[in-house]
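Peer 1: Work the whole structure out from these sequences, hints included.
Listed below, chain by chain, are the residues.
There are 4 protein chains.
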Amino acid sequence: MSQKIAGQVTLEDLSRMCPTISRRTHPEFADGCAFEVEVGAVRFGTGVPVMIAGPCAVESERRMIELALSVKAAGADMLRGGAFKPRTSPHDFQGLGLEGLKILRAASDLTGLPVVTEVMDVRLVELVSQYADMLQIGSRSMQNYPLLVEAGRSGKPVLLKRGMAASLCEWLGAAEYIASEGNLNIVLCERGIKTHTAGEYSRYTLDLNVVPAVQAETFLPVIVDPSHATGMASRVEQASRAAIEFGSDGLLIEVSTWGRGPDAQRPLCDADQAITPETLRRIVEFVRERKSGAQSRNDPMTSLARHARASGR
Amino acid sequence: MSQKIAGQVTLEDLSRMCPTISRRTHPEFADGCAFEVEVGAVRFGTGVPVMIAGPCAVESERRMIELALSVKAAGADMLRGGAFKPRTSPHDFQGLGLEGLKILRAASDLTGLPVVTEVMDVRLVELVSQYADMLQIGSRSMQNYPLLVEAGRSGKPVLLKRGMAASLCEWLGAAEYIASEGNLNIVLCERGIKTHTAGEYSRYTLDLNVVPAVQAETFLPVIVDPSHATGMASRVEQASRAAIEFGSDGLLIEVSTWGRGPDAQRPLCDADQAITPETLRRIVEFVRERKSGAQSRNDPMTSLARHARASGR
Amino acid sequence: MSQKIAGQVTLEDLSRMCPTISRRTHPEFADGCAFEVEVGAVRFGTGVPVMIAGPCAVESERRMIELALSVKAAGADMLRGGAFKPRTSPHDFQGLGLEGLKILRAASDLTGLPVVTEVMDVRLVELVSQYADMLQIGSRSMQNYPLLVEAGRSGKPVLLKRGMAASLCEWLGAAEYIASEGNLNIVLCERGIKTHTAGEYSRYTLDLNVVPAVQAETFLPVIVDPSHATGMASRVEQASRAAIEFGSDGLLIEVSTWGRGPDAQRPLCDADQAITPETLRRIVEFVRERKSGAQSRNDPMTSLARHARASGR
Amino acid sequence: MSQKIAGQVTLEDLSRMCPTISRRTHPEFADGCAFEVEVGAVRFGTGVPVMIAGPCAVESERRMIELALSVKAAGADMLRGGAFKPRTSPHDFQGLGLEGLKILRAASDLTGLPVVTEVMDVRLVELVSQYADMLQIGSRSMQNYPLLVEAGRSGKPVLLKRGMAASLCEWLGAAEYIASEGNLNIVLCERGIKTHTAGEYSRYTLDLNVVPAVQAETFLPVIVDPSHATGMASRVEQASRAAIEFGSDGLLIEVSTWGRGPDAQRPLCDADQAITPETLRRIVEFVRERKSGAQSRNDPMTSLARHARASGR
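Chains as they are written, first to last, in my numbering: chain W, 17 to 329; chain U, 17 to 329; chain S, 17 to 329; chain V, 17 to 329.
Remember, identical chains collapse to one label, so a pair may be satisfied in a single copy or spanning two.
Each computed SDA-like pair below joins lysine to any residue, with the alpha-carbon atoms no more than 25 Å apart:
no.	residue 1	residue 2
1	Lys118	Arg282
2	Lys20	Arg282
3	Lys88	Gln146
4	Lys88	Ser250
These aren't lab readings, by the way, just hints derived from the structure by calculation.
From a predicted model like this one, the values you see are computed outputs, not experimental measurements.
Peer 2: Right under this line is the structure:
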């Protein structure tokens, strides 16, 4: 009686759709371990969450350097910052472009923290790769397949954000585009989805259920962006702790120094979701305490995560 | 150029829509404190999360008593269990009804733990009130206004679950129906919303952003149901910890002893999301450690929550 | 590798969940015909759409009578009007109650048009049944199972609106509650669902795909409410025509005479979605022309609809 | 009490975000007329819907030519067909690429019908522009801003499909990227959105409310893709008629000849949503009859649409 609907895929199709990254086709990961992705001295997927922090957009060298030093002091492992910004309107600030890349490189070199930045344009993958340690594919680009292929070919580690309406299958399909070019250095990033609550009391709906689901279906690490998933600075700390408790392999957080010092300026984009370096420091401390506590106590936090993966959940 | 759309309400309308429960109209709660709801010796809204646990449905006296003793031993503060079950099909198990209520009362008396159970039928509010310590209004009944009015009139504490597509305004409007009958003993409960991910890798989408949003808009306590919000037993522990980190005033968890002992049976409903008493015990320990640790260290966990409320976030 | 999620049902489960109303279990409806539901002289499911019109809420006898005469003159087959109104806040106008029922009865008697009105309270099913020709179960009540059971027992025809987040399975499960009490006089009504577009440019998202899906899965008639599905008076005519082209067995439309005459008042609820009697007349004419044209030309409009049903699509 | 959420935009922001295409900033379109977009001899926005039809993907010259002749005979105004296909998995058929473009050109030249085809890769805009009469930006690329800019610079007419979770603001923002490069030859295309119904009984949720909303906010024409919005061939005819009644300026339909003739093959993608040329012919006839009937009768169908636009609805 039922009639077929075009284009339906389910998790059962992953063996065929994503043979390179699916746990189903990789018995060597049956013990539940993640593939470890290295970005400089930083490693994702070890069980210790990676903390990435920085401004939404690079706005000037002075401010970027200042902020990079602040987030390093707060305990971050990596820097983030946008040189090319995808904006809803062409009349909004689009980022500093190449100048932004150079500033990011300088900030990275100064602090010793590897840097991730977004590439939106397939023609700029090579350029961005010269300056960044990791390429970010943003939510709006998750199904920009030519971009995924070039990011794969670049050999650079890739941070692949989830599209705001992406199913898990669609997201993993996007990762497969990168992986099938021979590049397994992929870290997935949940950042909130669009739902009927759209904008009533949060920017997006943080979907933490997807974190263990990703870990069950692929051996790639997965982190969470609590800044976009809430859209409100006052919730980022709560969301960060929640993401870690849910098993996230790291966090990607927007930070600003707005309101501090004589010339502190409101950020040009997404000011309302940027936390201060002090809040970042509390989040880092939380992560470290939880993890060391978990290890010393043989806490279910670590064993559970491992079990969840081992049993394919 | 724009034309008005019927029926639009925003949080700005809460002063008018929900004058009894809105923080906006209650300067006495401006310090960010919650109204404390008492259920027997249990108090919601004190800063110490309340743990409610029990089976999806009451299935027999022997099994309910056994489970009640188990969850008490695991550290739960209150019992849950369904005597009247809302089921998608009339041909599914509908609960034991009055017999179930009697069993719940017996289990509560034996353990000393107060019990909450769902009432779906406005004609049964009085009957259920005779046996239960707290009335649960389920998600499907969130906008059953006659039921809300009678629950309000009963004077009993009420656990009001969020409808699966309810906006925050609609949810608080439902609470106002209870409150405007003179009954402020209301605890709200987030339990996951319907989104485009429907069923791909979780039962619902756990919406933790709504927890601080509720706390900003009303002084009523709010708890989280990680069982329905995930639909998978293997994720309930993660979701519970995440909810606590997000500031939840408690947890409502489904537990079973399925698979243990010679005659342990699969629960008649929602078996796939019921955790064991051992997992419950770990969750209780997590909650207690976090809270005592937070207090001894003057941890942002408590001060932040208070701050968030004080500043109306 | 995948783990089971609690509570998942698909259309394949309908034989078990909804044996009374599923086409799958009723070979006598294999020819694609609908079950015809009679409300007085009006019949749903014949292939000729039924036009139901009237105010959101009954506000006074004079205005209801005036409007009833207007919608009859415009060609409507049935009256609608709310005596008991489900409102988001208890402080909004709740309807005239019993007085409203009496006014509706008088308007029906005067015009000869059968009347449908909402019943929200299970205790009032008997009362409302004394005055109304058809009981409406509103969206917020779609899963009020005790109410569905009593509506079934009343023997009255029932108009069952879809919940705003209901899956097709959940909606048909609700209809099964009525039907399994021996009452097959059920007409389903799509009225828009909640989506991420919530309120940006329409009240709900009109989901016309569900109309043929209902017709494929059950032999019960299904109509569309273009008023709530758009929330804007200026779109109701377009939405009505679209629903008819999609195969709807009728329309449920809100009408007012606001702005006409010296004392015409803005309706107390949902004013922005109420059309004028003139617009209703154009919609009625459209429906009649399309249907007579379709029959005289042996148009795919009718044969397609029949075919769609016959082949179970 | 409320705190600001980052990234919120509403229709009120369109004057600033989309000054090039917003009606709000263009009093010369205050009479409600649309900007007419020309593609060869075809014009969008005249009040007469444009019919675009063809296969999902170009699969061979012989089949494409055969199908092009069929859709021309059925009355289509333009051809569609994919040479570069965005697919969820890299292991699915990706299209014939340049060979596909050449086949499309040949089919267009043979039939005299202009052809639209998707371009996904910013590096291929120039190449595709050499073969196609109109560039399609697919749903997955709606926020591929570098691609939008290049499509704008190409000077070619652009068909901009709505992203599956795009708000109206985001969609119009994407159009503004094209327009602000000096290219106003933009036709918008609604193709269904992702909702909680995802895949239960349709591929996407057809959102017809957005059609008049687009017409109120911009003077650009807007068409509907009933193939993706339903995902089922048996519903495309209904959905096409509904879209026309809702005021759509045209239709984009997938057609195949699968199942006809000795060597007719199942299409390599989206076979379940492709209609036959016979069904297409019925849709074309419906459109022509409705429009000529509307004109001869001074039908609200045309006057209403004009009024809706004139009054900014």
